[in-house]
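Following the hints, put chains B and C in place on chain A, whose structure we already have.
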Amino acid sequence: MLKQFTLAEIADFLGAKYQGENIAVTGLNTLEEATGTELSFLANPKYIKQIETTNAGAVILHENHAQAVKNAIISDNPYFAFARCMGLFAEKEGFFEGVSEFASIHPSAKIGEHCTIYPFAVIGANVEIGDNCTLFSGVYIGEHCHIGDNCTLTPNCVLMSRTSLGDNCYLQPGAVLGGEGFGFVRTDFGIQKIPQIGHVEIGDNVEIGANAAIDRAALSKTFVNSGTCIDNLVQIGHNVQIGKECLIISQVGIAGSTKIGDRCTFAGQAGIAGHLKIQDNVTVGPQGGVVKDIAKNSVVSGTPSMEYNTYMRHSILQPKIPDLFKRVNALEKQIEKLEQEINTKK
Amino acid sequence: MLKQFTLAEIADFLGAKYQGENIAVTGLNTLEEATGTELSFLANPKYIKQIETTNAGAVILHENHAQAVKNAIISDNPYFAFARCMGLFAEKEGFFEGVSEFASIHPSAKIGEHCTIYPFAVIGANVEIGDNCTLFSGVYIGEHCHIGDNCTLTPNCVLMSRTSLGDNCYLQPGAVLGGEGFGFVRTDFGIQKIPQIGHVEIGDNVEIGANAAIDRAALSKTFVNSGTCIDNLVQIGHNVQIGKECLIISQVGIAGSTKIGDRCTFAGQAGIAGHLKIQDNVTVGPQGGVVKDIAKNSVVSGTPSMEYNTYMRHSILQPKIPDLFKRVNALEKQIEKLEQEINTKK
Amino acid sequence: MLKQFTLAEIADFLGAKYQGENIAVTGLNTLEEATGTELSFLANPKYIKQIETTNAGAVILHENHAQAVKNAIISDNPYFAFARCMGLFAEKEGFFEGVSEFASIHPSAKIGEHCTIYPFAVIGANVEIGDNCTLFSGVYIGEHCHIGDNCTLTPNCVLMSRTSLGDNCYLQPGAVLGGEGFGFVRTDFGIQKIPQIGHVEIGDNVEIGANAAIDRAALSKTFVNSGTCIDNLVQIGHNVQIGKECLIISQVGIAGSTKIGDRCTFAGQAGIAGHLKIQDNVTVGPQGGVVKDIAKNSVVSGTPSMEYNTYMRHSILQPKIPDLFKRVNALEKQIEKLEQEINTKK
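Protein chains in written order, with full-length UniProt numbering: chain A, 1 to 346; chain B, 1 to 346; chain C, 1 to 346.
Among the clues, some could well be false.
One copy or two, it doesn't matter: identical chains are merged, so the pair holds either way.
Stated by the list, open to error - Derived pair list, reagent style DSSO-like, types lysine-lysine, alpha-carbon separation capped at 30 Å:
no.: 1; residue 1: Lys244; residue 2: Lys259
no.: 2; residue 1: Lys320; residue 2: Lys292
no.: 3; residue 1: Lys3; residue 2: Lys92
no.: 4; residue 1: Lys46; residue 2: Lys221
no.: 5; residue 1: Lys292; residue 2: Lys221
no.: 6; residue 1: Lys193; residue 2: Lys259
no.: 7; residue 1: Lys337; residue 2: Lys70
Keep in mind that the hints were calculated from the coordinates and are not lab data.
One chain only, chain A, in its complex shape:
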């Protein structure tokens, strides 16, 4: 945290007012952990008690709580104001500028203006890279790849041949795009490999997590549309198509040829089988296993996935299933006894 702003500068940046002393703010933190030179925020009124004990130098809060602290920035939406401050304090990752003489760049590659290429990055034949891109060390860009403007590929990211990225994409370390799809078919005469001759296409404003893998298509393309954010260690199979503004959380796996609509959210470790259609605005719970098509706006959970309310009822009852077996055992004995009694009376 090397940056520093005055409280007045921050208020000005937010288009908001401040009260109290115009202190120098050296960082941002939670009410619980903030020190005397840090700015914090109060968004959820249930944390209001922390206001009394916080060491924060100043707090962003709603005017309803303005008298609770001395130094404050007043905001209608303290959470978003604080999130904007996080952008203010964020440091651009990296320490190198220009194009390193220790990068390996094929003569046929075209690189835009104001790009940063770290030592030991490799750029292949016929690659095209837009303006203002940053390629960290260990990045490999295969032949015929196309990268838009303002993209960042952090260390050890790999784009295999013919992968394309739109503008403003950010790849966390170790992400692999365009590896060969798992095209193996078991036949009577052994495993047949189906060569994967498609590619990967990524839209604009896409973020891809550390050590995630997006396979290239068997034919045509694997596609991730603009605004979608993919977390660490996610697997996207060949020919998958993902819509706009989806959130794919860590360790999710999506099998081949599945089509996913816009604004879907898949929670951590969920698995989506192949050749399915998941429509817009679908939410899949953590560790959920989706094995059939899902209609738009659905919220599903469990394995195999079911409608959310059913899943929640099932979840609560699941630990009581052993007891249910006992109850059915008892019922069977009771009914046998009753039958005997009735037969005796006949």
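Just chains B and C, lined up with the frame of chain A:
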């Protein structure tokens, strides 16, 4: 897609006949997506309606459907004929040839003929590499590793010391072989680390996925036999032994010392506990959790895994379990009432 | 396995006695696989029959079994004695010494004594590295990182900016620390990115697995305390706090802001939701899904996780659930019939 063949050349390659115009074919695609210079195929008769609307320049199909299109290649098995064409159109990955002066190769390493070593690859002491191998940038080969002929290690693959690969192996980017097995034992006096002094041995014709991890053995070796294909982000623990021609789909985890037979298929995200014996031809469903030995030819699914038919019945009934609780509640009340009525009559 | 010791030297190292011939021991192995120059061990009496057929040159065993073999080392705890021998035979990974002229080291970086820096490692601005550290090829250390003494970062590990490691840490290949946390919030006006301005802090004696990912915090820090061991392909979300001496097995995912106590064990593929408190000494079973706080010393399993004994009973009964439905169907018919009979008699 830079290659191009005439329809006659492709028919010749397949040992098949063609009909219609001898067009230039620039690529391969599905009936739905193919353009006028692309070749497609009809394997499953249920897609026959797509023949009417496809823009494909030509189609591989069975002679029963030959009159449905003008330009065609006639085949008894259109799917496999098409798969062979994919091999025809596949481009060899990469753009570099020879041994880069910017690779770091230990003087004691022995490298076969016709190998390609990219810039920034590292080859350690006493390594032996066969003929016709390709090591991309960022690859690290630890000391005493042995690599057969015709192997490809794509960018940023790592072989730690003493790992051996057979012939014709293909490693997707970021795969890690020979990392230390997780040899930690919790004892009364803290966690004890058990040094892992074994290694990893891989057979011939093995493919390993992006960012997959195969740990070296505590003693002796972790072993993957010939023809087995391992997908992205798979974890293989120390001392695991995997047979021939297995398909291990993405994100599967296999815990230490488990032995797996030949021709097993583990679907995505399945987990196999340690110290088990999984016999030949076993299939484990997606997200399945195997905690006991499995007999040959079994198909299992679920967590803990059960026989497939049982799993399917369970899957269908699972969402009805909350209703089953209600039904048992009702039965208990009914039977209590009946008991009272009978007692009253006594 | 290049090292070699006499049986007497090994006995001396263990502070134990040996019997038989003072053979040269070239390696360690199981009773089943050991050859005539290898040392094995008998810890569990159920393997005593293997003593009769083993080819091992010598065996570490309890004096109760001393007469079963000719060459032996006598130990009260053969397993731990053998584990110590594994340390004796373990080779230090790597083949390079000194600081490579082909590493890229920022002039402002401070590097301690006796460090090994491989070719193609990158060390950023204002980095501080202690003594006796080893950085393999492809390692990237972002600006303002701090690394203690005796740390090993194997090939292609990445520390993004401001990450700190304590002493004696070991990172397996491809581990990524300090990647940006998944700070995306879906709002009415699209996905908002919350910049992640915190960092990652790792204690002493921590091991981190191949291709694992530990995200940096939104604010403050993501923290892994001393002695904790993290396996391959594990995901640790932003602001997670993990206590001392935990074992986090392969493919586990821990979502953001969850706090974990000391000495917890999470088995493979378990998932822990965000914002939870898991107290000391908690064990979570394989593939378990934890969605609520867990009290200390608990053992839980299943999804959603339940108390271990309940889970085991549920696991056994789960395949019988389809049958339970049939039994309830039958009861409903029986009771209907009984009701009719009783009503008829009225």
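Taking the hints in turn, this is what the structure says about them:
Taking identical chains as interchangeable, the C-alpha atoms of lysine 244 and lysine 259 lie at most 30 Å apart only when both belong to the same chain, with a minimum of 12 Å there against 33 Å between chains. In the homo-oligomer, the alpha carbons of lysine 320 and lysine 292 lie at most 30 Å apart both inside one protomer (28 Å) and across protomers (18 Å), since each shortest distance falls under that limit. Taking the closest pair of Cα atoms, lysine 3 and lysine 92 come within 30 Å of each other only inside a single copy of the chain (11 Å); across copies the shortest separation is 42 Å, beyond that limit. In this homomeric assembly, lysine 46 and lysine 221 come within 30 Å of each other (Cα to Cα) only across copies, at 23 Å, whereas the closest approach inside a single copy is 48 Å.
When the C-alpha separation of lysine 292 and lysine 221 is checked against a cutoff of 30 Å, the pair qualifies only within one copy, where the shortest distance is 22 Å, while the shortest distance between copies is 40 Å. Taking the shortest Cα distances, lysine 193 and lysine 259 sit within 30 Å of each other both inside one copy (24 Å) and across copies (25 Å). Proximity of lysine 337 and lysine 70 under a CA criterion of 30 Å is satisfied in neither setting, with 77 Å inside one chain copy and 69 Å between copies.
Hint 7 from the earlier list is the only one contradicted by this structure; the remaining hints agree with it.
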